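Residue numbers (the working numbering), protein chains in the order written: chain A, 1 to 272; chain B, 1 to 279; chain C, 1 to 364.
Just to be clear, a hint being listed does not mean it is correct.
Unchecked claim - Cut-off 27 Å, straight-line C-alpha distance, at most; resulting in silico cross-link-like pairs (DSS-like, lysine-lysine):
| no. | chain 1 | residue 1 | chain 2 | residue 2 |
| --- | --- | --- | --- | --- |
| 1 | C | Lys-212 | C | Lys-320 |
| 2 | A | Lys-87 | B | Lys-98 |
| 3 | C | Lys-163 | A | Lys-50 |
| 4 | C | Lys-282 | C | Lys-85 |
| 5 | C | Lys-212 | C | Lys-163 |
| 6 | B | Lys-12 | A | Lys-186 |
| 7 | C | Lys-320 | C | Lys-163 |
| 8 | B | Lys-12 | A | Lys-85 |
| 9 | C | Lys-59 | C | Lys-115 |
These are calculated hints, taken from the structure and not from any lab test. Quick caveat, the model's predicted, so the values are computed rather than measured.
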Amino acid sequence: MKTRYSAYYALPYLFWIVLFVIAPLGLLLVQSFNNIGGHWTLANYQTYFKSGTYLRMTFNSLWFSFLVTMVTLIIAYPAAYIMTKLKHAQFWLMLIILPTWINLLLKAYAFIGLFAQDGSVNQFLTLIGIGPQQIMFTNVAFMIVAAYIELPFMMMPIFNALRELDPSLINAARDLGANSRQTFMKVIFPYSLSGVRAGVQAVFIPTLSLFMLTRLIGGNRVITLGTAIEEHFLVTQNWGMGSTIGIILIIAMFLTMYLTRERKGRGKQHAK
Amino acid sequence: MQSERFKAPWLKLYLALVFILMYLPIAYLIIYSFNRGATMTAFTGFSWQHYLDMFNDLRLMQILVNTLIIALLSALLATIIGTFGALLIYQMKRTGIKNIFLSLNNILLVSPDVIIGASFLILFTMVGFQLGFGSVLMAHIAFSIPIVVLMVLPRFHDMDTTLIDAAYDLGANRWQVLSRVILPYAWPGILAGFFMAITYSLDDFAVTFFVTGNGFSTLSVEIYSRARQGVDLSINALSALLFVLSLMLVVVYYFIATGVATRSSKKAGHGQLKVVDPQ
Amino acid sequence: MKKLIGLIVVVMLTVGGLFAINSWLTQAQHPQTGTKQVTKARTLTIYNWGDYIDPALLKEFTKETGYQVDYETFDSNEAMFTKIKQGGTRYDLAVPSEYMVAKMRRAGMLEPLDKDKLTGLQNYDAHFMDRDFDPQNRYSLPYFWGTLGVVYNDKMVAPGEIKTWNDLFKPAYRQNIMLIDSARDIMGMALASSGHSMNTTDQPTLAAAEGKLATLMPNVKAIVADEIKTYMIQDEAALAVDYSGDAAEMVANNKHLHYVLPTGISNLWLDNLVMPKTVRNKTAAYAFINFMSEPEHAAQNAEYVGYATPNMAAKARLPKATRTNSAWYPKQAALDDLEVYQDLGSAMTQRYNDYFLEFKMTNQ
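Okay, chain A solo, but in the shape it has when bound:
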């Protein structure tokens, strides 16, 4: 097609990119080379790579994000699949989105109430004879709440990908004698992969930097990169180290996007 528009429509957008993306990114990069006295130094990066603490923290974050992503994927995929079969599918999707409008802190407080020593979950456990358990401040509790918060962001893209699947493809597969399992493995799943990828990105990356939940639900027994950034920026005011971890996170995010990118050639070819 011929390009017949000039970029002036998009002037505010370019302005935004310069002012709110490039400038902050530059500031962050400059900060990461500053020590607490404001001098140029590589010390922050040295601290990061030398002290086992930060590397362990990075590993923790990656591991927890991975687990949360897996849990949400396992729950979300079948649910999204079933939803596409429902009559008012769009309506149900909106009901999935709706909980995200409730403030995260409030949801966390609801979980605190549910998980407390004499909370509803423990009352239930007592009722069925298991007896009260320590739920708060455990890794499991943190994972459950994080998965809960992120679930809609996994469901939405998978649902959309499945929705766009052409029903005639499935019918064709059936006509060619494929059974349900084969149809799913050979047709439905490969086509929905773009949604899975988007979902993985939408869950994995934010989970790396969750910070309120680690304290409220995890009792700071779970420390992620997000917690460390929050502390460096808000509490210890070591903006240099905070920015360094920020840069590491941004690299991690690009890496995630690169690893989950759509590979040209295989798989994508037939998807329009």
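Dock chains B and C against chain A, hints included.
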């Protein structure tokens, strides 16, 4: 199809379970908004007290109004800026530049809120911008633009280019093509972008926390500072009210949207919320 | 396009309506204020911790002096520092803790107090005046004070079981202690438990303190900030290491909770009224400081907030049970053991933070 219908009750049961789990904490919040007591652990009896407290708390009401103003205004401006940004990216011919722009676009989407907030604060400090309504609005517009672009861009890519060429051949000028062909086609994406932007704005805590000042506050920042003093059930009451209102909005919107869709079948995509692959 | 314009119109109309409601709400909250001109000269903006003043006192102040009070809150010294430093704010008074007073003073963010304009200075207890963080109280006046100690729940811990910091290390308290999320306080507690100063800068001593702290980890249930109050009130843990201020709130909300100040070294903290450089209405600021120095008002405030007042004359007006309670108002001997945090400089502060972070990462 036989086997699928056979499995249907089990599948539906699974879905129902997922929905129950999703709404359990919310139901919990709402139930305790009617608690006579002041905590979220023991339900001591039914009372409207927290709702009365909420309506009598003028500061809370004002913060609610502020939050809505910020959400609507920032979503609208972000939608306009983002739509034209998406148009710009769509028109780029060199894939290299296009990818650079897409990456720049996505940075804010995936950066931790704390970093966004802190870097915006440094930015506002450097240019000497006063903290308050203006800075919060700017920040919200800033972090909502990328999601709008991501919602709108796929619609442009799906668009049949022969349609545009045909319009030009029929003598339409640039503005006419934009307003009569391109924007109407992208409308579902634009609307989805607008709603996502509202969601982002309502949900944000960390960025606002950094860039607010001079007495301006939004709901999530207020909830945060109140929650530090212990649970405040009038916040539950407010959330319950907002939740019921948005639920009603969703139901009404959905039935209007499907009503429109059945009347003109070619707009079947209307009201569809799409999240796309950021790559 | 029509739809887009439709959307713009609908949103703008809604926003317009919301703005109208907003200004109505502003009116309803400050009924007396007239035009903007008057507002600025007659308004006092206070930046204080959340729920840290009796609202009735603010009303009385307005009635007495005619100044309208804008009361804004922050939830950490650091957040307050960042906001004031940013410059886009106009606070007349703020209430930083002692180490933050020193930091703000060095950053040139504070306006010296003119002693000639202050009344009621004789009401203050000399013990809380002229401290290292602000010699001769050039920039600040104490507002409330308190200690770092232990809250226990008598359902799980017998009274008298906790006497010193070292008692927390008993295996009986496995998974039952909550710590306040603050490097200086928890590292300080570890130092104090071995008899070292809470202002230690000696490297090996600090490393040893972190090593000792790591042995506390099996007993630690969670390391949290203000939520610690909610959790303790809900009987979530038997013990908590926290400030007396938080403790006062917990004790008021759960009759099984009690506060003890361990014998030996602990921390004495002070929150102080200061005038940041952003001050616009000095006259009103002095009027407010003087208003709060009056014993009657300071006592009323102390009863409302539940913290210990540095105002002797005000203390004398408090109920006997309060003012003789050694948990809130320790005897002079205990008071002499307390240390005020010194500003150790950013490098040393960082070292405390690093050790604390290492402690948090123990046995993961």
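For this session: Would you check the hint for B:Lys-12 and A:Lys-85, treating anything up to 27 Å between C-alpha atoms as holding?
Result: holds, 10 Å
Exercise. Has the given pair, C:Lys-212 with C:Lys-163, been kept, meaning a C-alpha gap of at most 27 Å?
Worked result: Status holds; Cα separation ~18 Å.
Exercise. Straight-line Cα separation of A:Lys-87 and B:Lys-98 no greater than 27 Å?
Worked result: Not satisfied, since the Cα-Cα distance of roughly 39 Å exceeds 27 Å.
Problem set entry | C:Lys-59 paired with C:Lys-115 [C-alpha distance capped at 27 Å] | holds, 26 Å
Problem set entry | 27 Å limit on alpha-carbon distance, applied to hinted pair C:Lys-212 and C:Lys-320 | Since the Cα atoms of C:Lys-212 and C:Lys-320 sit roughly 40 Å apart, the hinted pair is violated (cutoff 27 Å).
Exercise. Is the hinted pair C:Lys-163 and A:Lys-50 satisfied, with a Cα-Cα distance of at most 27 Å?
Worked result: violated, 40 Å
Exercise. Is it true that the CA of C:Lys-282 sits at most 27 Å from the CA of C:Lys-85?
Worked result: holds, 19 Å
Exercise. Quick one, are B:Lys-12 and A:Lys-186 close enough, alpha carbons at most 27 Å?
Worked result: Holds, at roughly 24 Å.
For this session: Take the C-alpha atoms of C:Lys-320 and C:Lys-163, compute the straight-line distance between them, and say whether it is at most 27 Å.
Result: holds, 24 Å
Of the hints listed earlier, those the structure fails to meet are numbers 1, 2, 3, in rising order.
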